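K.L.:
Residue numbers (my numbering), protein chains in the order written: chain R, 1 to 381; chain S, 1001 to 1244.
The hints are simulated quantities; they were obtained by calculation from the structure and are not laboratory data.
Do not rely on the hints blindly, as some may be mistaken.
[As the list claims (entries may be wrong)] Under the rule of at most 20 Å between Cα atoms (straight-line distance), these lysine to any residue pairs were calculated in the SDA-like manner:
#1 S/K1150 / R/R6
#2 R/K9 / S/D1073
#3 S/K1084 / S/Y1101
#4 S/K1150 / R/G307
#5 R/K9 / S/L1148
#6 S/K1084 / R/G307
[Claimed, not checked] Chain R is faced by these chain S residues, among others (derived, beta-carbon under 8 Å):
#7 I1062
#8 S1063
#9 L1105
#10 L1120
#11 R1188
Note that the coordinates shown come from a computational prediction; the quantities given were computed from them, not determined experimentally.
Built from N, CA and C at the ideal position, the CB exists for glycine as well.
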Amino acid sequence: MNLAYRDIKHNLLRFTLTNFGLSLLLGIVIMITGVYGGLIDDALRQARAARADLWVVQADTKGPFAESSRIPGDTRELVSRVYGVERAGAVTYQSVQAELNGAPHRLFLIGYQLGRPGGPSKIVAGREILRSHYEIVVDRRAGLALGQEIPLGTRGHKFTVVGLMQNEVTSAGDPVAYITLRDAQRLQFEVAPPSTRREQARGGALQTNDQINAVIARVSPHVPANEVATALSRWKHLTALTQAQQETMLSMVVIERARKQQMLIMVLLVIVSAVIIALIIYTMTMDKVRSIATLKFIGAPDRTIVGLIIQQALSLGIVSYLAGMALVFIFRPYFPRRLVFDPESVAVVFIITVVMCLAASILGIRLALKVDPAEALATSG
Amino acid sequence: MAGEGRQAVVSVEHVSKYFGVGAARVDALIDINLDVYPGQVVGLMGPSGSGKTTLLNCIACISQPSSGRLTLDGEVVYDDRWLKADLRRLRLDKIGFIFQYPNLLPFLDATDNVAVVLRLAGLGSAASLSRAVELLEYLEVGHRRHALPKQLSGGEAQRVAIARALANRPRIILADEPTAPLDSQRARIVMDLLRRIAIDQNAAIICVTHDEMILDRFDHIYRLRDGRLDIEAPAGPRLEPAAR
C-alpha cells in the first residue's frame, strides 16, 4: 500500500495544478540550459564549420572572432606553400544589417573562395554558390526563401538566395550567410564612391580592397599542426592559431560574460525552484498533520512518514521535470534563439531536480517528525 | 475489584504525571492506581482538564509518566529498557485506539484504513485486505468497504475506526469519547459493540466518556478530579463477559 500514491490520487487536481506551476518553473531552468548549450554550440559552430586545422591571422591578434584581424589577400598563396599545409582558403567575417520588406535582417556574412576551405559545411536546400558574384547561401533562421533577393552593401547590390543551411547561427543568435570572397571584400573594404573621390582629390593613395580577415589551413595528417603553426608564425606579420586554441578562445573568452550570465540565472532559478518546492512540500505536509499524527499513534514508524513525504516530493519533482521538458520541446521552434540540449546537461538538470526535491523535503520531514502522536487525540476533541 | 486471580491487562500503579517545574509545575495525574482485566469495559469520566487524556496518553505509550509503574499485558513499560521504536511496536501490536472523531486517513478507502495497521505490522497485502474486509463485515459496514471516509456517515466512519482499532487483535483498546459524535441510539449500539469485542477478543477496554446515557454499559466507572482517581459503582453491564 503506497500512501504517497494514494494521497496524490486523492488530491489529483491539486497535484496536477501544482505540477503545472512547477513544470513552468523547471521548464525555464531547462530552457536556460538549452540557451547555455546553444550559446556554446553556436560559438563553436562558426569555427568548426570551416573544418580548419590552423587559423592564420594578423600578427599578435586573436582573430578573427575574438579580435579583428586584417591581412593581405595574397597571404593565402603564402600559406599554401608552407610545408605541411594541404589546402588553404581566405575568408572574411562581418556583421551586416539588411532591410527587406521594411524589416531589418541581421546576418553574419562569411566570404570564402569557391572550391577552397571556409565555405558552408552543409546545405539543406538549394545548392552551393556557383557564380562568382551576387549569390548567397543563408541559414533558415534569416527567414529567407530560395530565389529571394536581398540588397546588401552601400551600392545596394541584390544577392539571390541559392542555398539554405540549418542551425548555422552566431553566439549572438544572428543567422550565418556565405557569399564569395570578392563580394565580401567589396562589402567590407570598399568605401562609398564619394569617399573615394574625396580621397583621390586630396592626392591620397588608392586603397586596395584585397584584404582578408584570416586564412584557413588544412594540414596534412602526417605533419603535426603545431610545427606548421610555428613555421607560419616566423612571418612577423602573421599569427597561427590551432583549431583547439580557437575553440577554447570562443567558448571560454568570447562568450565568457554571456556564459556567466546564463549560469547565474540558472543558479538563481534553481534556488527559487528549491524554495518553492520546499514550501509546496511543507504546505502539503501541514495539510496532513492530522493524518501523520494518526499514523504515528497507530504505530507507524518514522520511515513510513519520511517515505510518504520523500515519495511525494520526488513525484512532484520528476513529473514537473518531465512536463517542463515537454513544454520546452513544444515551444522550442518558437524560441528566438537556438536551444541545444546534450544528454549530459539534461541528465544534470534531472539530478539537480531530484537533489532539489530531496533537500526541499527536509523542511516537510522535520515538521512531520515533530508531529506529536497525541495531536491525533487533541484534534479529535 | 473484578478479576481477582487473573492478571490485569492494564495495571497502573502509583502513576503521577506533571508538566513544568517549580512554580510553573502542573500536576496532571496524582498517584493513579488502576487495573483493567481481560473482558472488562471500564469508563473514565471527569471534567475537562481533569487528566483523562493524559492518563490515556500514558497508557497508550505516547507520554511517559513522571513516576509510578505501568504494566501492559504483563510487560512493565518505561523501565529504561524501552526505546521509542519498541513503544511504537508495542502500541501497534497490543493497543487499539478509537478516537473521538474517527480520524480515518482521508486518502484511503474503508478497507485500506483498516488494512494499513496490518500492513504496518508486517502482514502481507492479501492477508491484510482479507482481515480488513472480515472486520468490516463483523462491524456491519462491509457494504461500504470501498467508500472513502468523506462518503461515510458518522456511525459508519466510527465503525471503520473501531475495525481499525481491532485489526491487530489488541489486548488493550483505548477509546476517547467514541460516542461523542453519535446520537444516543447509535451511541448505545457502539457501546454494545465494544462490549461484544471485549468478550469476543478477551480484551480490556478503557473508555473516556462524558455521556451519562451509556454509563450502564461499563463494568466500572472511574472519575478523575484534579488528577486524582475515584471509583464509582457501575450501573451494571448489559452483557456479562463469557470469560468470567
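K.L.:
How about S/S1063: closest beta carbon in chain R under 8 Å, or not?
P.N.:
holds, 7 Å
K.L.:
R/K9 and S/L1148: Cα distance at most 20 Å?
P.N.:
holds, 12 Å
K.L.:
For the pair supplied as a hint, S/K1084 and S/Y1101, confirm whether the alpha-carbon distance does not exceed 20 Å.
P.N.:
Between S/K1084 and S/Y1101 the Cα gap is close to 26 Å, so the pair fails against 20 Å, i.e. violated.
K.L.:
Grab the minimum C-beta distance from S/I1062 to chain R and call the hint holds if it beats 8 Å, violated otherwise.
P.N.:
Because about 5 Å separates S/I1062 from the closest Cβ in chain R, which is inside the 8 Å limit, the hint holds.
K.L.:
For the hint on S/L1105, just tell me whether its beta-carbon gets within less than 8 Å of chain R.
P.N.:
Holds - the Cβ of S/L1105 comes within 8 Å of chain R, reaching about 5 Å at its closest.
K.L.:
Hey, R/K9 versus S/D1073, does the alpha-carbon distance stay inside 20 Å?
P.N.:
Status violated; Cα separation ~40 Å.
K.L.:
Does R/G307 lie within 20 Å of S/K1150 when you go C-alpha to C-alpha?
P.N.:
violated, 25 Å
K.L.:
Is the hint on S/R1188 kept, meaning its closest Cβ partner in chain R is under 8 Å away?
P.N.:
At 21 Å from the nearest chain R Cβ, S/R1188 fails the 8 Å test, so the hint is violated.
K.L.:
With a cut-off of 20 Å on the C-alpha distance, tell me whether S/K1084 and R/G307 pass.
P.N.:
holds, 19 Å
K.L.:
Close enough to count: is the Cβ of S/L1120 nearer than 8 Å to one in chain R?
P.N.:
This interface hint holds because 5 Å falls under the 8 Å limit.
K.L.:
Straight-line Cα separation of S/K1150 and R/R6 no greater than 20 Å?
P.N.:
holds, 15 Å
Hint compliance for this structure: hints 2, 3, 4 and 11 are broken, all remaining hints hold.
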